[in-house]
Each structure stands twice: as structure tokens, then as C-alpha cells.
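J.: Those protein sequence lines, which keep their order, are chains R and U. Reading the first sequence from the start, the letters are residues 347 to 569 in this note's numbering. Reading the second sequence from the start, the letters are residues 904 to 1187 in this note's numbering.
Misleading hints may appear alongside valid ones.
[Stated by the list, open to error] Quick list of in silico lysine to any residue cross-link-like pairs, SDA-like style, CA-CA up to 25 Å:
{"id": "1", "chain 1": "R", "residue 1": "K354", "chain 2": "U", "residue 2": "S1007"}
{"id": "2", "chain 1": "U", "residue 1": "K930", "chain 2": "U", "residue 2": "L1073"}
{"id": "3", "chain 1": "R", "residue 1": "K562", "chain 2": "U", "residue 2": "K917"}
{"id": "4", "chain 1": "R", "residue 1": "K566", "chain 2": "R", "residue 2": "V423"}
{"id": "5", "chain 1": "U", "residue 1": "K1051", "chain 2": "R", "residue 2": "Y351"}
{"id": "6", "chain 1": "R", "residue 1": "K566", "chain 2": "U", "residue 2": "T968"}
{"id": "7", "chain 1": "U", "residue 1": "K1109", "chain 2": "U", "residue 2": "E922"}
{"id": "8", "chain 1": "U", "residue 1": "K956", "chain 2": "R", "residue 2": "D568"}
{"id": "9", "chain 1": "U", "residue 1": "K956", "chain 2": "R", "residue 2": "G406"}
{"id": "10", "chain 1": "R", "residue 1": "K566", "chain 2": "U", "residue 2": "N958"}
{"id": "11", "chain 1": "R", "residue 1": "K566", "chain 2": "U", "residue 2": "E986"}
{"id": "12", "chain 1": "U", "residue 1": "K1072", "chain 2": "U", "residue 2": "S1033"}
{"id": "13", "chain 1": "U", "residue 1": "K1185", "chain 2": "U", "residue 2": "S945"}
{"id": "14", "chain 1": "R", "residue 1": "K515", "chain 2": "R", "residue 2": "A372"}
{"id": "15", "chain 1": "R", "residue 1": "K566", "chain 2": "R", "residue 2": "V552"}
{"id": "16", "chain 1": "R", "residue 1": "K348", "chain 2": "U", "residue 2": "D972"}
{"id": "17", "chain 1": "U", "residue 1": "K1109", "chain 2": "U", "residue 2": "L1124"}
{"id": "18", "chain 1": "R", "residue 1": "K348", "chain 2": "U", "residue 2": "M1002"}
{"id": "19", "chain 1": "R", "residue 1": "K348", "chain 2": "U", "residue 2": "G1003"}
{"id": "20", "chain 1": "U", "residue 1": "K1171", "chain 2": "U", "residue 2": "Y1181"}
{"id": "21", "chain 1": "R", "residue 1": "K562", "chain 2": "U", "residue 2": "E971"}
{"id": "22", "chain 1": "U", "residue 1": "K1022", "chain 2": "U", "residue 2": "P1064"}
{"id": "23", "chain 1": "R", "residue 1": "K354", "chain 2": "U", "residue 2": "E1031"}
{"id": "24", "chain 1": "U", "residue 1": "K1026", "chain 2": "R", "residue 2": "L366"}
{"id": "25", "chain 1": "U", "residue 1": "K1116", "chain 2": "U", "residue 2": "Q1176"}
{"id": "26", "chain 1": "U", "residue 1": "K1026", "chain 2": "U", "residue 2": "N992"}
{"id": "27", "chain 1": "R", "residue 1": "K348", "chain 2": "U", "residue 2": "R999"}
{"id": "28", "chain 1": "R", "residue 1": "K566", "chain 2": "U", "residue 2": "D985"}
{"id": "29", "chain 1": "U", "residue 1": "K1026", "chain 2": "R", "residue 2": "T362"}
{"id": "30", "chain 1": "U", "residue 1": "K1019", "chain 2": "U", "residue 2": "D985"}
{"id": "31", "chain 1": "U", "residue 1": "K1072", "chain 2": "U", "residue 2": "H1090"}
{"id": "32", "chain 1": "U", "residue 1": "K1037", "chain 2": "U", "residue 2": "L1071"}
{"id": "33", "chain 1": "U", "residue 1": "K1013", "chain 2": "U", "residue 2": "D1080"}
{"id": "34", "chain 1": "U", "residue 1": "K1072", "chain 2": "U", "residue 2": "E1096"}
{"id": "35", "chain 1": "R", "residue 1": "K566", "chain 2": "U", "residue 2": "S945"}
{"id": "36", "chain 1": "R", "residue 1": "K566", "chain 2": "U", "residue 2": "S913"}
{"id": "37", "chain 1": "U", "residue 1": "K956", "chain 2": "R", "residue 2": "V561"}
[Claimed, not checked] Which residues of chain U face chain R? A few of them, derived with a C-beta cut under 10 Å, are:
{"id": "38", "residue": "K914"}
{"id": "39", "residue": "N949"}
{"id": "40", "residue": "N953"}
Hints were generated in silico from the structure; no laboratory data involved. Note that the coordinates shown come from a computational prediction; the quantities given were computed from them, not determined experimentally. Backbone N, C-alpha and C fix where the C-beta goes; we use that ideal spot for every residue, glycine too.
These are the residues of each chain, in order.
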Amino acid sequence: MKTLYFTKIDYIRSRTQLYLISVILAVVIMILKFITDGTDVMVFLYGIFITIVFSTVPFGNCSRKDAGFLQLLPATVWHRVLGRFLFGLSLLMIGSAISAGCMVVYRLYVGAEENVIVLPFCMIILSVGLVFITVQYIALYLVGENYGAQFLSLVRMIPGMCFFFGSMKLLEEARQNPESAMKLLELISDRPYVISLGSIVIALAVMAAGVVLCVKMTEKRDY
Amino acid sequence: MELLEVRNLSKYYKTFSLENISFTLPKGYIMGYVGQNGAGKSTTLNLITNICKCNGGEIYVNGITCMEDEIHYKEYIGYIGDEFYFPDNFRVRDIRRVMGDFYSSFSTEKFDELTKRWKLDEKLQLKEFSRGMKVKLMFASVLARDTKLLVLDEATNGLDPVVRAEVLKLLQEYIADGERSVIFSTHILSDLEQIADYVYFIHEGKTVLYDSKDDLMESFLLVKGERRAISARLQKELIGIIDNAYGFEAILPSDKADLLTNEFHFEKPTIDQIVIHYIDEKER
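The shape of chain R in the complex, shown without the other chains (with noise of 0.2 Å):
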């Protein structure tokens, strides 16, 4: 229950930001209109991004006086880091799930047609998010909370944009080279469901890992 306490905490500080990431969502609906060759995975994929830089909101808050409060609290520090893994796994479905939604919207905006293969190839989009928040956690916690809000400039725009950019540079790949794009969506709709899956359960082994790792870098350290 106290792991849960501590991902509330982790809302309430971030609130701000959770209410922008429909706002962005919607401009970012608005600018695809207007881009011929856009399609809604890209609403799907600006949405993860976005989840994947605010997942990091509760470290730019935490000051050395805040790291402090939480340390005080009736609570391991198994409590403290797995909170912190779970908003980060709980925001990132809730951006999925609004960014589902604004993928909907797009699709009834702009008039295109639904695929076969956009709810795996989604969940693989949603499972490499996890793995990047893992990244971005792991990085955090290794420089210390104390020191995070320096560092977090750096760690919240780097990953996401590698995602986002990476991302859209494989879709390019895959609209230039279509019989290599074939292959791969071949073999993901081979097995659609098998592959998403797949990925998503590493997703989670990465993360659970990452936790560990979290918890063995904190356990000694002063605040």
C-alpha cells in the first residue's frame, strides 16, 4: 500500500503536467492535419514521447529539502523506488490510453483508413517506452535525486527524442525500402499478438530489473 502512497505523491507533484498532455496531444492532432504523408501512429508515437519526458517530472522537483520529506515518511526504500517505477508504468498507459484516443480522433479528423497492424505495432511502440523510462530512471537515481534536477534537462529530452526521431526515421525507412518494411510487418502480422506480447514482457523484466538496480544505488546514500 505504501509503494502506492508513494505514486500518488508522485500525481500530486506532477499534476500540472498531466493536464498538458491532452492539450499537446490536441495542438499535435491539429499540426498532422495539415501534413499530407502524416498517419496516426505518429499521434500515437508524439503521445508516448511526451509520456516519456513528463515520466520524469517527479525528479525535477525533488530538491534536496523534497528527497529529504520522502525520506522521512514511514516507508522502505523499496516502497519509494518501486512508487516511483509504478507512476512511471502507470503515466505511460495512461498516455497510451489518451493517445489511443487522439489516434481515434485523427482517424475521424483526417479520414484515414484503420489497420490490421496498428494495435501491435502500438504495444511495441509502448513496450521500447517502457524500456526508455527505465533508462531515464535508471540514470536518475544513479546521479542521485539530489542532483537530478541539473541532470534531468539532459536525461528528459535526450531519450524521448531518440524515440521520437528513431521512431520516425524507421517509418521513413519503411516507406523507401517497402519490400524490407514488408518483411518485418509480415512477420509481425505473422504473429501480431505473439510479438507485441513478447515485447511487452520484456518491457516489464527490463523495468522490475531497473527496480532492483534503483533500490540496490539508493539504499545507502544520504539525503
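Dock chain U against the given chain R, drawing on the hints supplied.
T.: Same frame as chain R, now just chain U:
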């Protein structure tokens, strides 16, 4: 019975170390923890609250260590620091929710009563609170729980005299049932003289003095006079000789009072004077 027991506490940093700090604080008493900036006061208090981890020694609060039972250990402690530790974008209602979630003994009614009494605005973000309001909110969050030990790290700094007097009164009320204790560090030694039962004086990470306040004040004399009247034997015993326009001022252990001739004036020193002269002696 001892509420707080600190045994051979050590903490090493690159440029500072706290060495073999030991003391006990019985139930129903207040201890003043004094020393200069950088003496190790906050380090000790941070070790007690487990914000920092010690390199050696043990700390018992109400008979348990943090290693044995971290959750109960932290439930026993209420901490108020010099810095406001609640997140700036929180509101009073957020504090109520968080405290209620985490602390089994947290009383919402008591918290609401205190926040109403101190007129802490529910709607404002905490970053908009004044220093006095922030200290009051920290007190409200701690006093609404059934804590055993109150740890105050220069909590009265920067408060106006009215609020400070109110805080000191609160501390006395807090220990009134004889089951709870307070350890507090401060630079305002008049506060300490007003309410402390014990004084622990630390300098550069090492213990200088540790005694009950009354015994400590009885153990020294504040001596004033002219420099030329100081004999060689007296010179050896005087602590922290400070020259001033009228001669000198120093403290002397009371059991050496026979060294004083009628050329000197002496009186009972304040804690402030004992600390100042000891620091002066150590800095030489």
C-alpha cells in the same frame, strides 16, 4: 527510561567527520544541541532521522534502531528542519492526504484544528506561505501524530519573537505528559536557556560539553577583570580569554574558584557565554 540513546555515532565525509558522539535523552526532557555552523549538529540530527546513514555507532529511539524496524522507528520521530521540506506545489489538503496515508497515528481532526488555529490557507500553494506559516505547517503535521521524539534542526531560525515564543510553548506542552522528548539545535541560545533540560555542545564533530543545563551553568563562572591580575596558574585554567575595553572576560570551572582574588568580578554565566568562550578557546 531513555527515549533516545546515541552510542559512538560516527560519520565521515571528505572534509568533515563526526566522531564517537554518545548521549542519552530520558523521556519527558528537552535537549539543546549547540555548536557553530559546520560543527556537526545537522549531521547528527540527520543521522537520528535516518536522512543520512552512519558509518559507525547505533541510535535507539524508544528502544529500537532503524535497522530493526524502519517503519516504527520513523513513526516515533517528528522532524522539523531549518528548510521547509514539503514540495512547493503542495497545498495544505495535500499534506493532510499524504500524512493520513503514511502515518497510522495521524489525526485529521487535530491537524485541521491546528491549521485553523494558525490560519493556514487551504487554497494557497505552499510556495506562497511565509516562513512563519511554513514552520507552523511543519509543526501541525508533526503534532497531529502520536510521535515520541521531536527533532528540531534550527526550526526557530528566522521566526519573529511572537511565533518563536509560541513554538517554545508548544515544545513544553509536547513533553508535559512525561512520555515524549525533544532534541533541538539552535543558534538562539536564549531559547535553549528557556526550555532545555540538557545541553550537548559539539565542536568540529567532537563532543565538548554534555550535561544537564543547570549543572552546566553551575560548573562554570564568568570571570571579568584586568589582564595584569591573571596569575600563571589562573591563566592555565581560564577558558576563552577575550579582551575588551574594560580588561578581559573568560570562563572558569567552578571548582577552581579558589584561584580568584578580589581583583576579579565573577558571576554565573549564561549558556551563550559558555559556548562563546569554549569556541574561542578551541579556535586558538
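J.: Each hint needs a verdict: does it hold in this structure or not?
T.: Status of each hint after checking the structure:
1. R:K354 / U:S1007: 17 Å, holds
2. U:K930 / U:L1073: Given that 25 Å is the threshold and the Cα spacing comes to 17 Å, the pair holds.
3. R:K562 / U:K917: 23 Å, holds
4. R:K566 / R:V423: 9 Å, holds
5. U:K1051 / R:Y351: Satisfied, since the Cα-Cα distance of roughly 24 Å is no more than 25 Å.
6. R:K566 / U:T968: Given that 25 Å is the threshold and the Cα spacing comes to 16 Å, the pair holds.
7. U:K1109 / U:E922: Since the Cα atoms of U:K1109 and U:E922 sit roughly 6 Å apart, the hinted pair holds (cutoff 25 Å).
8. U:K956 / R:D568: Since the Cα atoms of U:K956 and R:D568 sit roughly 6 Å apart, the hinted pair holds (cutoff 25 Å).
9. U:K956 / R:G406: 24 Å, holds
10. R:K566 / U:N958: 10 Å, holds
11. R:K566 / U:E986: 23 Å, holds
12. U:K1072 / U:S1033: Answer holds: U:K1072 to U:S1033 is near 21 Å, not above 25 Å.
13. U:K1185 / U:S945: Roughly 20 Å between the alpha carbons, so the hint for U:K1185 and U:S945 holds.
14. R:K515 / R:A372: Since the Cα atoms of R:K515 and R:A372 sit roughly 23 Å apart, the hinted pair holds (cutoff 25 Å).
15. R:K566 / R:V552: Measuring from Cα to Cα gives roughly 23 Å; hence the hint holds.
16. R:K348 / U:D972: 15 Å, holds
17. U:K1109 / U:L1124: 23 Å, holds
18. R:K348 / U:M1002: 12 Å, holds
19. R:K348 / U:G1003: 11 Å, holds
20. U:K1171 / U:Y1181: Holds, at about 15 Å.
21. R:K562 / U:E971: 19 Å, holds
22. U:K1022 / U:P1064: With Cα atoms ~18 Å apart, U:K1022 and U:P1064 stay inside 25 Å; holds.
23. R:K354 / U:E1031: At roughly 23 Å apart (the allowed maximum being 25 Å), U:E1031 and R:K354 satisfy the hint.
24. U:K1026 / R:L366: 22 Å, holds
25. U:K1116 / U:Q1176: Holds - the C-alpha atoms of U:Q1176 and U:K1116 are around 13 Å apart, at most 25 Å.
26. U:K1026 / U:N992: 11 Å, holds
27. R:K348 / U:R999: Judged against 25 Å, a Cα distance of about 16 Å means the pair holds.
28. R:K566 / U:D985: Given pair R:K566, U:D985 holds - Cα atoms ~24 Å apart, limit 25 Å.
29. U:K1026 / R:T362: Judged against 25 Å, a Cα distance of about 16 Å means the pair holds.
30. U:K1019 / U:D985: Measuring from Cα to Cα gives roughly 23 Å; hence the hint holds.
31. U:K1072 / U:H1090: Holds, at roughly 18 Å.
32. U:K1037 / U:L1071: 16 Å, holds
33. U:K1013 / U:D1080: Between U:K1013 and U:D1080 the Cα gap is close to 17 Å, so the pair holds against 25 Å.
34. U:K1072 / U:E1096: 13 Å, holds
35. R:K566 / U:S945: 18 Å, holds
36. R:K566 / U:S913: Between R:K566 and U:S913 the Cα gap is close to 15 Å, so the pair holds against 25 Å.
37. U:K956 / R:V561: 15 Å, holds
38. K914: 9 Å, holds
39. N949: 8 Å, holds
40. N953: With a closest approach of 7 Å, the U:N953 hint holds.
In summary, the structure agrees with every hint in the numbered list given earlier.
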